[in-house]
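Spelled out from the first residue to the last, the chains are:
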Amino acid sequence: MRNPQLDKNGGLRHLLTLDGLPRETLTAILDTAAPFTEVAEREIKKLPVLRGKSVFNLFFENSTRTRTTFEIAAKRLSADVVNLNVSTSSTAKGESLLDTVDNLCAMQADMFVVRHAASGAPFLIAQHLIANGRNDIHVVNAGDGRHAHPTQGLLDMYTIRHFKGDFSQLVVALVGDVLHSRVARSQIAALATLGVPEIRVIGPKTLLPTGLERPGLRVFHDMAEGLRDVDVVMMLRLQNERMNGALLPTPQEFYKNWGLTAEKLSAAKSDAIVMHPGPMNRGVEIDSAIADGAQAVILNQVTFGIAVRMAVMSMLAA
Amino acid sequence: MRNPQLDKNGGLRHLLTLDGLPRETLTAILDTAAPFTEVAEREIKKLPVLRGKSVFNLFFENSTRTRTTFEIAAKRLSADVVNLNVSTSSTAKGESLLDTVDNLCAMQADMFVVRHAASGAPFLIAQHLIANGRNDIHVVNAGDGRHAHPTQGLLDMYTIRHFKGDFSQLVVALVGDVLHSRVARSQIAALATLGVPEIRVIGPKTLLPTGLERPGLRVFHDMAEGLRDVDVVMMLRLQNERMNGALLPTPQEFYKNWGLTAEKLSAAKSDAIVMHPGPMNRGVEIDSAIADGAQAVILNQVTFGIAVRMAVMSMLAA
Amino acid sequence: MRNPQLDKNGGLRHLLTLDGLPRETLTAILDTAAPFTEVAEREIKKLPVLRGKSVFNLFFENSTRTRTTFEIAAKRLSADVVNLNVSTSSTAKGESLLDTVDNLCAMQADMFVVRHAASGAPFLIAQHLIANGRNDIHVVNAGDGRHAHPTQGLLDMYTIRHFKGDFSQLVVALVGDVLHSRVARSQIAALATLGVPEIRVIGPKTLLPTGLERPGLRVFHDMAEGLRDVDVVMMLRLQNERMNGALLPTPQEFYKNWGLTAEKLSAAKSDAIVMHPGPMNRGVEIDSAIADGAQAVILNQVTFGIAVRMAVMSMLAA
Numbered sequence: 067m068r069n070p071q072l073d074k075n076g077g078l079r080h081l082l083t084l085d086g087l088p089r090e091t092l093t094a095i096l097d098t099a100a101p102f103t104e105v106a107e108r109e110i111k112k113l114p115v116l117r118g119k120s121v122f123n124l125f126f127e128n129s130t131r132t133r134t135t136f137e138i139a140a141k142r143l144s145a146d147v148v149n150l151n152v153s154t155s156s157t158a159k160g161e162s163l164l165d166t167v168d169n170l171c172a173m174q175a176d177m178f179v180v181r182h183a184a185s186g187a188p189f190l191i192a193q194h195l196i197a198n199g200r201n202d203i204h205v206v207n208a209g210d211g212r213h214a215h216p217t218q219g220l221l222d223m224y225t226i227r228h229f230k231g232d233f234s235q236l237v238v239a240l241v242g243d244v245l246h247s248r249v250a251r252s253q254i255a256a257l258a259t260l261g262v263p264e265i266r267v268i269g270p271k272t273l274l275p276t277g278l279e280r281p282g283l284r285v286f287h288d289m290a291e292g293l294r295d296v297d298v299v300m301m302l303r304l305q306n307e308r309m310n311g312a313l314l315p316t317p318q319e320f321y322k323n324w325g326l327t328a329e330k331l332s333a334a335k336s337d338a339i340v341m342h343p344g345p346m347n348r349g350v351e352i353d354s355a356i357a358d359g360a361q362a363v364i365l366n367q368v369t370f371g372i373a374v375r376m377a378v379m380s381m382l383a384a
Numbered sequence: 067m068r069n070p071q072l073d074k075n076g077g078l079r080h081l082l083t084l085d086g087l088p089r090e091t092l093t094a095i096l097d098t099a100a101p102f103t104e105v106a107e108r109e110i111k112k113l114p115v116l117r118g119k120s121v122f123n124l125f126f127e128n129s130t131r132t133r134t135t136f137e138i139a140a141k142r143l144s145a146d147v148v149n150l151n152v153s154t155s156s157t158a159k160g161e162s163l164l165d166t167v168d169n170l171c172a173m174q175a176d177m178f179v180v181r182h183a184a185s186g187a188p189f190l191i192a193q194h195l196i197a198n199g200r201n202d203i204h205v206v207n208a209g210d211g212r213h214a215h216p217t218q219g220l221l222d223m224y225t226i227r228h229f230k231g232d233f234s235q236l237v238v239a240l241v242g243d244v245l246h247s248r249v250a251r252s253q254i255a256a257l258a259t260l261g262v263p264e265i266r267v268i269g270p271k272t273l274l275p276t277g278l279e280r281p282g283l284r285v286f287h288d289m290a291e292g293l294r295d296v297d298v299v300m301m302l303r304l305q306n307e308r309m310n311g312a313l314l315p316t317p318q319e320f321y322k323n324w325g326l327t328a329e330k331l332s333a334a335k336s337d338a339i340v341m342h343p344g345p346m347n348r349g350v351e352i353d354s355a356i357a358d359g360a361q362a363v364i365l366n367q368v369t370f371g372i373a374v375r376m377a378v379m380s381m382l383a384a
Numbered sequence: 067m068r069n070p071q072l073d074k075n076g077g078l079r080h081l082l083t084l085d086g087l088p089r090e091t092l093t094a095i096l097d098t099a100a101p102f103t104e105v106a107e108r109e110i111k112k113l114p115v116l117r118g119k120s121v122f123n124l125f126f127e128n129s130t131r132t133r134t135t136f137e138i139a140a141k142r143l144s145a146d147v148v149n150l151n152v153s154t155s156s157t158a159k160g161e162s163l164l165d166t167v168d169n170l171c172a173m174q175a176d177m178f179v180v181r182h183a184a185s186g187a188p189f190l191i192a193q194h195l196i197a198n199g200r201n202d203i204h205v206v207n208a209g210d211g212r213h214a215h216p217t218q219g220l221l222d223m224y225t226i227r228h229f230k231g232d233f234s235q236l237v238v239a240l241v242g243d244v245l246h247s248r249v250a251r252s253q254i255a256a257l258a259t260l261g262v263p264e265i266r267v268i269g270p271k272t273l274l275p276t277g278l279e280r281p282g283l284r285v286f287h288d289m290a291e292g293l294r295d296v297d298v299v300m301m302l303r304l305q306n307e308r309m310n311g312a313l314l315p316t317p318q319e320f321y322k323n324w325g326l327t328a329e330k331l332s333a334a335k336s337d338a339i340v341m342h343p344g345p346m347n348r349g350v351e352i353d354s355a356i357a358d359g360a361q362a363v364i365l366n367q368v369t370f371g372i373a374v375r376m377a378v379m380s381m382l383a384a
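Residue numbers (the numbering used here), protein chains in the order written: chain L, 67 to 384; chain V, 67 to 384; chain A, 67 to 384.
So that you can see chain L by itself, here it is in the shape it has in the complex (with noise of 0.2 Å):
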């Protein structure tokens, strides 16, 4: 079976996952936004890229911060925005994903954002248009469930190349929560797809789910051990709603264990990069001198974000 995202000639038709895509689409997704980049710097940051092509913002599950960041790189590109909160839509008068998905089309939408709570429904959107011939409507996943989150996985890669240039010499650390993480998921498949020799992930036994292995990838419960002579720390978000579940003592002790300070930071290589998907919890996840600090690139993710979503956008829509 063909990969769903990729049209016959293996351009890009869905962002789904990164797990399979080829290293030469995402490179080629990061050298299209490298331009895109410099626009949000000119006097007016507008293209006519996607000029009377209508994006919607399919939003199952609410996500402000997400939705700004696709609602601003399609503003940028001269779409059509509309943005639906579908939980408080049709599907709550009891009408399907797919149902709504096809009144849509009917509406001639050429891109859906779709952030839903279930993983794989971008997915079972894409395959169901994929099923009705409709090769000119385009999904991009905005974070299913514990599955994926693409857009956030590219946006990292993009800074990682920005800050580090080349994959094939990196040593990678991810720490916290990956259990629960669709971001880590990402970033993993992306990580190893271009090639970087080690992937480190750290955290607490609970927070780490089975199966992770494959060559490269190194699993620590110590961070003292596990950031030695890392290039690149990435943090993952604690979900407040996780916080005080059965799997976490306290985020104090998750903070004094697992916390990202100074002090444990030094482990990594003097040059180490530190990111972060946003939002943080300070005091949680890491230390407020290193979320503010010189090796902190957390800010850098946010514009590269916007730039990387109007890659994938016009790469979508050519």
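What the hints contain is simulated information worked out from the structure, not anything from laboratory work.
Don't take each hint at face value.
Since the list gives no way to pick one copy over another, a pair counts as held whenever it fits inside one copy or between any two copies.
What the hints assert, rightly or not - Here are the simulated lysine to aspartate or glutamate pairs, EDC-like style, with alpha carbons at most 20 Å apart: (1) Lys74 / Asp85; (2) Lys112 / Asp176; (3) Lys322 / Asp297; (4) Lys112 / Asp202; (5) Lys112 / Asp73.
Given chain L, work out where chains V and A should sit, using these hints.
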């Protein structure tokens, strides 16, 4: 008293209801909509018709679906669209409906798309504008109580004309909860005005209003009988909130008696079309095999709905 | 310490409060607004002043009405507008106000329109931007706690100047709940700066703050006395949530004593204008006959409000 929907030259000033709208006006709207269906298939789906105009989606009752269709239509005409979910706004602060309208007029609104749970609210707004000499501001009823949903009725007429060509030889059946349906009221008015010789209303006695009698209208309580040799089957939506009410036994029982299945549809002409205003309750009003089948034109209705709304807005702004 | 609202050349950098804003700046805003009132009467109500700029409506407190006026003003200047209802967003996930701001800055925001229940929040954001050297990003206070609502104050000044021409001979009365009104604070500051020789504050003792004393300001507890020979009557809104509180007897009793009626208004000059920031509680603060009467300029305030907000935004972006 003059029809408040028409200006002194007979041009469309407000669209409040299809009841009493002359046949030539209905036909003019359908004729205007036709080229707009082609706009949607262009590379750049935009026309400058409403450029610099402010369209307010004034939704006193939540309906993401309907709001979306008007938002897309207005944006394709290059209008600036402002969405106001008014239940959470000033009326909650005790401001009256007409004070809200006066305020928006003072902000130089050009058009109000009004959805309201109370029958007559858009009419009240239009009368207020007329009394104040504001002939430059236009009202479109996007559904008011049990009264009317004229753009839905118009897109239904567009769909019938598209597939059947001529109204003058048709037998059209409406099926289901006519009692609570503003859609049905608009459909019946338009079908009669456009010269459909036989309109059938099919449903349980508890869901058929009294006072339906008009020449050419026949009431049926049996599907096999009511659908016999019809050209068009217009299913109505059963509101979820009614399903377990006093007027109905259970969704299952409703489906058994009034749900459209292949067997029941076989009574209609073999080229009959099946319509539904959406969102559908599959397995309640309609069997999935019919909803997705060759006779269904349900998604065409949605597509034509954008064109019809563009037509109405452009005629009002002319 | 320099006024954070002004850049080193005295140009407007942020609009946070009217208190302390020089008279020439106030006058410049009113002068800039004048031509924008004409834009609204053109066929195409759009200017390219903010084309390609991203304006964020950052509403930490819900206010559809105020948000709408800024949204319209920004769209008429061709900006891309993103509405963020932040109570449902990242701050709910524990992200701090300034982290949210930093993230939006990283998305290349050009302007923040900030509404917040806490007095001083827009000031905090502006200080943060200044501390970070972000002179390219501008803050407009759209109402913070009990502190200030500067664009409301400005549109009120525009309205007075429009109808009365000259501030230097006027007697202006503010009536009602001054204690809880950010609008009153902004009005008093602007009236004083613009040279109004006599400002009267009229209301029950429980709703008048202490510390109002300044040259030219007089306090009254009787309407007949307070309104005698005034040129301008500025009614204040009585918040619903206060109406049955400890400070007030009942809405009926408030109306009897402080509600503006024809009888009470007759004490003012015969050409006095009546203003209200809206939304009005008819029959509480003001009689309907007055609200809709010949002396009321309440809807003019709304119209001028769009022009004033366009003026502020265009001066900030200049």
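Hints versus structure:
1. Lys74 / Asp85: within (19 Å within a copy, 52 Å between copies)
2. Lys112 / Asp176: Answer is both: 19 Å inside a copy and 13 Å across each meet the 20 Å cutoff.
3. Lys322 / Asp297: Answer is neither: 22 Å inside a copy and 66 Å across each miss the 20 Å cutoff.
4. Lys112 / Asp202: Only across copies: Lys112 and Asp202 sit 17 Å apart there, 23 Å inside one copy, limit 20 Å.
5. Lys112 / Asp73: neither (28 Å within a copy, 27 Å between copies)
Of the numbered hints given earlier, the model fails hints 3, 5; all others are met.
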